[in-house]
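Student: Residue-level listing of the chains:
2 protein chains.
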Amino acid sequence: MSEKTVKIGLLGAGTVGLQVARILREQNRELSARAGAKLVLSGVAVRDTGKVRPGIDSALLTSDIDRVIDNADLVIELMGGLEPARTAMLRALQHGKTVVTGNKAVLATHGPELNVAADTHDASLYFEAAVAGAVPVVYGLRESLAGDRINQVLGIVNGTTNYILDQMSTQGWSYEQALAKAQELGFAEAEPSADVEGHDAAAKCAILASLAYHTRVSISDVPTKGITEITPADIAQAREAGYVVKLLAKAERVMVNGQEQIALGVEPTLVPQTHPLAGINGPYNAIVLETEFAGRLMFYGAGAGGAPTASAVLSDVVAGAGHIANGGHAPRESTYAALPISDPGLVQTRLQLRLEVSQQIGALSQVLQACLDQGVSVASVRQPLVESGADQATLFISTHSASRQQLDAILAVLAKSPLVHRIASVLSVEQ
Amino acid sequence: MSEKTVKIGLLGAGTVGLQVARILREQNRELSARAGAKLVLSGVAVRDTGKVRPGIDSALLTSDIDRVIDNADLVIELMGGLEPARTAMLRALQHGKTVVTGNKAVLATHGPELNVAADTHDASLYFEAAVAGAVPVVYGLRESLAGDRINQVLGIVNGTTNYILDQMSTQGWSYEQALAKAQELGFAEAEPSADVEGHDAAAKCAILASLAYHTRVSISDVPTKGITEITPADIAQAREAGYVVKLLAKAERVMVNGQEQIALGVEPTLVPQTHPLAGINGPYNAIVLETEFAGRLMFYGAGAGGAPTASAVLSDVVAGAGHIANGGHAPRESTYAALPISDPGLVQTRLQLRLEVSQQIGALSQVLQACLDQGVSVASVRQPLVESGADQATLFISTHSASRQQLDAILAVLAKSPLVHRIASVLSVEQ
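Same order as they appear, the protein sequences are chains P and X. Position one of the first sequence corresponds to residue 1 (UniProt numbering), numbered consecutively onward. Position one of the second sequence corresponds to residue 1 (UniProt numbering), numbered consecutively onward.
Extracted from the complex, chain P is given alone in its bound form (with noise of 0.2 angstroms):
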C-alpha cells in the first residue's frame, strides 16, 4: 500500500454521516487500498458537540467548521440544506480541496458557483450521493456515458412517493393512508412537503439535466407537480388503460423551431405497463437513459437511507483520495451546449383527465368542444356507466400531443363550464 495519507474532514454527523464514519473505520484496509492512500477522518463538524456519536472519537469533534476543512486533504458535506454547507463548500474548494457532498439542494441551485469555484482551483467536486442515493447515474452520466449523447432522462428519483403510489396500487389506500404507513415506516419524514410536492425529485432533475445535457440547469427551471391529489380511482383506471401512476423526473432534448432545447418536468405520468420504470416498486429508485449510441440504459437501486447514501459518498472518496494520491481530478463541469430550456408552455405532452360532469346531456360534447376549439385533437374517451338518477358521472379524456399551453386553455375553459363539476384529476402520459 501507498505511504501516502490523505486527511478527510467530515461536515454533519447525521444519519448518513455516521455511516460513512462508521465504514470509514470498519473498511479502512480495503478503502485505502483502492484509494491507493491511507484514508485518515481528521476531523468531524457538528452542531452540538456535547452529543454522543457512537463510533466517532469525540475528540475529532468540534463546531468549528472552517478548522475541520483546513486540517483535510478532502471534505465531506454532508449537512444539507444551503448554508453554511454553500459556503463551506466554496472555502474547500478555494483552497483546492476535494470536496465529497450528497447535498442536492445545494447543487441545484448553486451548482453553477461550486462548478466554477472547483475550475477555477483546480479542485474536485463530487456528488454521487446527491442523486438516488446508491445508484451510480451520477458517473453513468459524467464519465461512462462522456462519448454519447443522451436524448431522454426519465426518473423515479424520489423513494417516498415511488413507496406511497406502490401502496395506493397494490393495497388500494388513499393516499393519505399510504402517507402514514411510509411515516411509520421510516420512509417519508413528519413534514413531506419537499417530498409530496415534487421538490426534491426537481432537485434532482435539475442536476441530472445539468450533466446530461452539459447546460446549466436549476431547480427553478423545474415545472414542478407532486403526488398528493392522486386518487385510487386515478390508478385504479391506469391499470385498466395499460398504465402504471409514477412521479417522474423528465429532461429531453427536443427541436423546437429548428432549435435544440431541453424540456423539464416532474410530475405523476401514467408510465405503460411494458416500460422498465413500470416495474420498479417500493421505495427504490430507477433511471432510464435513451442514447445515442448505447440505447436505452437503467440503473436501479436504493435511492435513500443511511449506508446505501452512504456507499455513494465512499466511492466519491475512493476516486477523490486515488486522485489526491496518484493525480486527476474529477470530470470537469462541462456546460459547453448551453442549451435553452423550452418554455413550459410549448413543451409537448398527451393528458389524460379525469372530470366529474353534470349527467345533463351535453357535457361530453361540450368537453370535446373544448379540445376541439384549440385543436388538440382526442384519442380517446371513456364514460363508466353509473346509477340512473345520479347527478354526476365521471369522464376520462385522454388527448393525443400538444402543448401546455393549448392544454392549459382547455383546463381553463372546462373549469368555467357550468356542465363540469370538476377537474378530478390531470396526469401526463408517457409513450
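Don't read these hints as lab results, they were simulated from the structure. Some clues are possibly wrong.
To be verified - Computed footprint of chain X on chain P; a stretch qualifies when at least three of its residues, placed anywhere within it, have a C-beta under 8 angstroms from a C-beta of chain X: (1) 27-33; (2) 137-148.
To be verified - Partial list, computed: chain P residues near chain X (C-beta under 8 angstroms): (3) T49; (4) G50; (5) W173; (6) P272; (7) P276; (8) A294; (9) G295; (10) M298; (11) Y300; (12) G301; (13) P308; (14) S315; (15) A412.
Beta carbons are placed, not taken as given, at the ideal position from N, Cα and C, and that holds for glycine.
Add chain X to chain P, keeping to what the hints say.
Tutor: Same frame as chain P, now just chain X:
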C-alpha cells in the same frame, strides 16, 4: 482544450470497430473535450487491408499489428478470440500503453496474465465493453462499489439466449423456432453454440466474479449449462408456479465449513416474477448486485450490438486518454481476497425436475423415496391430469435447498428407474 494529443491504435475493424472509428470521428470534438486531450486515430490493424472500410482513411489500414501498437498511446483491442489478441495486448501493456478491450474470451482465460503485465509496467487495462455491452457494470464493480461488499451477482448477460427464452415465453415457440427467428433478426449467429450453450455467459461470469470478490476466477471455474433443452412446457409450468425461465450467470459469496467461498454457475433458472430480473425482456442484459451497504443495485441495457458496445469502448477511451493526459491510471486488479472457488458438488441449490413417468402405480412414491434416501426434502409435487389409458404422465418435483451432489445422486437413481421414462428437464430455482 488541452494541447495534448493521445494517439489511438485500433486492432480489428469489424462491427464494433467500425462504429468506434465512426463515433471517434463524428464526436471527436466532444470526446476530446471530455478526455482533456486531442484524440487521434493513428492506425488500424486489419486482416484484409484490401477491403474498403467506410469512414476509415485507407492510409491508416495495415495488417501489421505491432506497428499499430508501437505507434499508439492507447490501443483498442477488438479482434476477439484468444490469439493474436493476447499477444497484442501483452505487447501494448509491456510498453506501458493503455489498453481498452471488449474481448471477454481473452479476459476470462488470460485475465491474470494481462493484469500482472499492466501492474508491472504501470499500464492501464480497461474492459467495460467485455461484459454486458453498454451497461456500465464493470465500472460499478471496479469503482463505484469500491467501499462496499458484494454478496451476490446475478446476471442476464447474454442477449441471444434472453431473446430466445422471451420469444418462447411470449409466442409459445419451441427453442428451434425461437433460435431461427433470432438468427433471422441478427440476434443469434449462424453457429450459435457459444451463446446457447452458455459459454459466452460463463466468460462474463468469470470476469464479474473476479471483480466482485477480488479473486482470480477463470472461465474453467464456472459450471455451465445452456438453454438448448428448455421446452415451452418448462416455461408454461414456470409461469403457473409464478416464475420465468432465465439463463443466469451467478456468483455468490457463501460460507462452507466456516470459510468464505465463491459459488459460481451459469444455468437456466426459475426466477420469481417479482424479481427485477424477471422483467428483463428481449435481447437486453441486466445485472443485479446484492451488496452490504448499497443494498440491491441493478444495471440494465443493451448487452451487444455495434453502437452500444462502441459506446462502452469509448467511455473507456475517454477515461484512459484522460489519465494519459492528466495522470492517474485504471483501477488495479485486486485479487487480495483470493477466496476459494466452491466445489460445484457442494453448492447449495433448489431444483425443479420435470419427469416423464410411467402411469403405473408407484412412480411418484419411487421418486419421493429417491429424494428421501438422499436426505433431500421435497417442496412440492404436481402431476397434471392425463387422459385415461395414456401410458405416460408428467411429474413436476421441486426440492428444498440441497447440495448438487445430493441432487445429482437423485437424478442418477431416477435415470435408472424403469418407472421414470425420461428426466425431461432440470432447472435451478432462485429464491
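Student: Restraint: A412/P near chain X, CB-CB cut 8 angstroms. Satisfied or not?
Tutor: violated (40 angstroms)
Student: Hint validation: P308/P versus chain X, beta carbon distance must be below 8 angstroms. Holds or violated?
Tutor: holds (5 angstroms)
Student: Would the hint on G50/P be counted as holding, given a Cβ-Cβ threshold of 8 angstroms to chain X?
Tutor: violated (29 angstroms)
Student: Quick check on P272/P please, does its C-beta sit within 8 angstroms of some C-beta on chain X?
Tutor: Hint violated; P272/P Cβ to chain X Cβ min 13 angstroms, cut 8 angstroms.
Student: Should the interface hint for Y300/P be scored as holding, given a Cβ-Cβ cut-off of 8 angstroms against chain X?
Tutor: holds (4 angstroms)
Student: Quick check on A294/P please, does its C-beta sit within 8 angstroms of some C-beta on chain X?
Tutor: holds (4 angstroms)
Student: Holds or violated: T49/P as interface residue toward chain X, Cβ cutoff 8 angstroms?
Tutor: violated (27 angstroms)
Student: Do the numbers back the hint for W173/P, that is, is its least Cβ distance to chain X under 8 angstroms?
Tutor: This hint is violated: W173/P lies away from chain X, its Cβ roughly 20 angstroms from the closest one there, beyond 8 angstroms.
Student: Go check the segment 137-148 of chain P versus chain X for me, would you? Three or more residues, Cβ under 8 angstroms, otherwise it fails.
Tutor: holds (count 8)
Student: Does the interface hint hold: is G295/P within less than 8 angstroms of chain X, judged Cβ to Cβ?
Tutor: Cβ of G295/P sits 4 angstroms from chain X, so the hint holds.
Student: Return the status of the interface hint for S315/P: holds when the least beta-carbon distance to chain X is below 8 angstroms, violated otherwise.
Tutor: holds (5 angstroms)
Student: The hint names M298/P as touching chain X; please verify it with the least Cβ-Cβ distance against 8 angstroms.
Tutor: holds (4 angstroms)
In terms of the numbered hints stated before, the structure departs from hints 3, 4, 5, 6, 15, listed from lowest to highest.
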